[in-house]
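Chemist: Taking the hints into account, I'd like the entire structure generated from these sequences.
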Amino acid sequence: MISLKINGVDTTVDAQEDTPLLWVIREHLKLTGTKFGCGMGQCGACTVHVDGHPTYSCLTPVATVNGKSITTIEGLSEKSDHPLQKAWVDLEVAQCGYCQSGQIMRAAGLLANNPKPTRTDIVNHMSSNLCRCGTYPAIMAAIEQASAEIADEK
Amino acid sequence: MKNRANDIATSGISRREFLHSTASISFVVGTGGAIAACSSGAGPEAESTVADKTVTPNIWVTIGANNQIVIKYAGTEMGQGSMTHVPLILAEHMDADWADVSVETVAVNDKSYGNPIFQNNLYTAGSTHVMVYFDKLAHAGTQARKWLMSAVAEHWQVPMTELSTKPQVVAHAASGKEISFGDIVASIELPTEIPEVDKSEFKAKSDYRYLGKSIMRRDVPAKSNGSQLYGMDVQVPGMAFAAIHRCPVEGDGPAIVDDVAARAVPGIIDIVTLPYGVAIVGETVEATKVAKSKLQVTWTEKSPFRKKNLDTSLREYQSAAHDLDLAGVAWGRPSGDAKAHLSSADRVVEATYSSDPAYHAQMEPLNATASVSDDGKSAEIWVGTQTQSLTIMGAAEALETEEANITLHPLSMGGGFGRRSVLRQQYVDDALFTSRALKRPIKVIWSREDDLLAGQFRGPAVQYLRGAFGADGKLTAVHHRVATPYNLPTMNKHRWEASKPKDVISMLGSENSTYDIAHHLAEHIPTDRPCRVIAYRGVATSYTKFAIESFVDELAHDRGINPLEMRLQLCHKNPRMTKVLERVAELADWGRKMPADRALGLAISGYSRSLSAGIAEIAVDSSNGRISVLRYFGVGDAGFIVSPKNAQAQLLGNIIFGLSSGLHERVTIKDGIVQQSNFHDYRIMRMNEVPDIQAEVLTNDAPPTGVGELGMAMVAPSIANALFTITGKRVRHMPLAPDVVLRALNT
Ligand code: FES
Ligand code: FES
Chain A
1291 MISLKINGVD TTVDAQEDTP LLWVIREHLK LTGTKFGCGM GQCGACTVHV
1341 DGHPTYSCLT PVATVNGKSI TTIEGLSEKS DHPLQKAWVD LEVAQCGYCQ
1391 SGQIMRAAGL LANNPKPTRT DIVNHMSSNL CRCGTYPAIM AAIEQASAEI
1441 ADEK
Chain B
6 MKNRANDIAT SGISRREFLH STASISFVVG TGGAIAACSS GAGPEAESTV
56 ADKTVTPNIW VTIGANNQIV IKYAGTEMGQ GSMTHVPLIL AEHMDADWAD
106 VSVETVAVND KSYGNPIFQN NLYTAGSTHV MVYFDKLAHA GTQARKWLMS
156 AVAEHWQVPM TELSTKPQVV AHAASGKEIS FGDIVASIEL PTEIPEVDKS
206 EFKAKSDYRY LGKSIMRRDV PAKSNGSQLY GMDVQVPGMA FAAIHRCPVE
256 GDGPAIVDDV AARAVPGIID IVTLPYGVAI VGETVEATKV AKSKLQVTWT
306 EKSPFRKKNL DTSLREYQSA AHDLDLAGVA WGRPSGDAKA HLSSADRVVE
356 ATYSSDPAYH AQMEPLNATA SVSDDGKSAE IWVGTQTQSL TIMGAAEALE
406 TEEANITLHP LSMGGGFGRR SVLRQQYVDD ALFTSRALKR PIKVIWSRED
456 DLLAGQFRGP AVQYLRGAFG ADGKLTAVHH RVATPYNLPT MNKHRWEASK
506 PKDVISMLGS ENSTYDIAHH LAEHIPTDRP CRVIAYRGVA TSYTKFAIES
556 FVDELAHDRG INPLEMRLQL CHKNPRMTKV LERVAELADW GRKMPADRAL
606 GLAISGYSRS LSAGIAEIAV DSSNGRISVL RYFGVGDAGF IVSPKNAQAQ
656 LLGNIIFGLS SGLHERVTIK DGIVQQSNFH DYRIMRMNEV PDIQAEVLTN
706 DAPPTGVGEL GMAMVAPSIA NALFTITGKR VRHMPLAPDV VLRALNT
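Here the protein sequences line up with chains A and B, keeping their order. Be aware that the first sequence starts at 1291, since it is given in our numbering, and climbs by one per residue. Be aware that the second sequence starts at 6, since it is given in our numbering, and climbs by one per residue.
Each hint should be verified, as a subset may be incorrect.
[Unchecked claim] Pulled a few chain A residues facing chain B out of the computed Cβ check, cut under 7 Å:
id, residue
1, Cys1328
2, Gly1331
3, Gln1332
4, Cys1333
5, Ser1370
6, Val1379
7, Glu1382
8, Gln1385
9, Cys1386
10, Gln1390
11, Ser1391
12, Leu1420
13, Arg1422
14, Gly1424
15, Ala1431
Since the hints were made in silico from the structure, they are not lab data. Backbone N, C-alpha and C define an ideal beta-carbon position, used for all residues, glycine too.
Modeler: Pasting the structure below:
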């Protein structure tokens, strides 16, 4: 049994220690917002936060996060109203949408540490995540819009 | 939006109940003039009340006494937006309130919903949906509105001409009376005869509330909070998981399976031998993956594909393309007599272009969930598919049963690009065969490695072009020979039967639809395929436009004409293309003075009757052959634009897809085996490589055409053309990868 705190809730799962966190999240806990894209740290579709840090869940054996706090897209905000999510909807970023949970979680990690990123900061941070539909310009615009909203709130 | 898989995922109802509850959907459709059908929305056992009452003037729309409207969507959504913008056409013409409309995807193979371009199958491909369904849905909406109004006119005893509508309300201005669509259904008897309508009664464009106004795509919120359900996310009660260990070579299969170690993995339920591989079934995904790595399989070695290598294939294609005695299959509408004209011309310019296979790389690895009945003759399938019809037909064929025994739940796709458009979908077969063997619902999940290994790619091609000028200096003849494999026989044998020997997937874009060339002949030289081949984004245009647009540039330089000028001359009979060219030239400031190490390159492309032109601004590092695209300018024309915001997003996405595929993407084949396995060796573009892009889609009053593949094919040739301007060297192979560029620079 492995103990995890997922989206603020303490839970235990019956999984082998080396099971990738991704499959625990998706199929044991049925939180399917986190996606499988490559299984080797190439695409970022599986990005979740482990103690606040964007992490490839496909490369994370579940035993290594025993007792740590994990946030998935479902837990990013109460009402899907994180500034990034609002900007994502407003600018209609998603096309097929499959990469977007990972993109949003990756971007949330950036804004948490660097609320006013430059374009270069955004490009450097986001280039780990692939989008086959080519929504990169919209992702860039949405991060900038969310960053502006966060600045306004302060 | 209604989503059945969602219901089952959350409700926990048994499989039997689920089958039962989906079986009661039916429509009454009359022949000739449609007959109104009333039914209650709930199951037959439910007590109907007035609030449950619904009416259906035609197969496309249902109006409820609760003032809720349901519009049928005959496509499937993969990011192109048509799940919103196609039903919106009906809502607009009916004057429905979009907020009260839900969209229901048709999940049966009912040809009355079909796409006429694809044998009336329900088929989402070729950027055809808005184009094909616009008039049909405008008609259905206009008819529904007229029917409701005629009932009100009768009821209030006023002439129809005194009535008008505003969203979901019929109004009589003279008396100030108003009634909602829902109240009409609840309280007024509707005429049994559904009124006929003709095109002249369609709502005027100037009165549009929704079309042309960038109404938000319905799927966007769920795709921004993780709640959108894809095939990969389906949960069926009692299901087990399967991984597939497929023979790396097409045509071979397991000879000896040593599964002792694999079976010993905790959680493994069974190992099933399939004709083409082995299914590893377990209680968890992770168990199937571990067991797969412990499985020892010896494959048969009889497949002719074991002798296939990409380099050899391309060499054979080149000989075939150059061998003018080898007759091809004429494509498009040949004009004049290109062959005769070229053989008598004083001077012929010629060039040969080649291209490697390319992989769709949809972000969602392929997967399917199936639950086959104990007798093996019926099945329920959950899958992301580009075609309800072919998935059902293919599944019925796989199980040797009737189509009526197949229940399909089409789910959102994490990208399609043609990969999910064939009759026999490998991943659906995997799920069906495994579920049949286990007598249990099975979710098959391919790894990314499986997705490449069993990939069905854009086929390789070699193209030989010859051109000649007339005495007046005008381009008068072009002969374009395309040596590439057939696609349709492996995609869908029924479609092949109807179209052979012509294959649109192999040849699209080589027809001369844009330029004024008196003598033009495009020919398909069918060749053996080294790998599985099917449609790709833009289908053949992604290589035919590379060849044509590079060639036109070569001809312009040969004549010392500015490449923009050359294209404007060739498009002089095409005012829309002229406008697109002029606009892109303006955006890029074509002709501006450039530093010696930079240049602009131009190309055009058309797709699904839409037009586009693009200009690349590039630099190249001649020490390593690496191209940097610094800026990109793209302009599209797809007639009347239903959603400008979505059209622009599609053009941008296509330009990025084109940059990625034009600069990097390449599948290679050695001894019949795909050499790439994941995103580390099949590179797709990341954010740090995306240039500053200016993309514009013009709108006009022409009938709407497609935007899903708009502009993709212009990107590679525009880059190659810019490269020539900088270096004086032609790169005639796609992708324009560093090694390819370096080789060209060093010749
Ligand atoms: S699935 Fe984890 S990085 Fe791709
Ligand atoms: S939106 Fe389709 S992969 Fe990013």
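Chemist: Of all the hints numbered above, which does this structure not satisfy? Sort the numbers upward.
Modeler: 2 and 15
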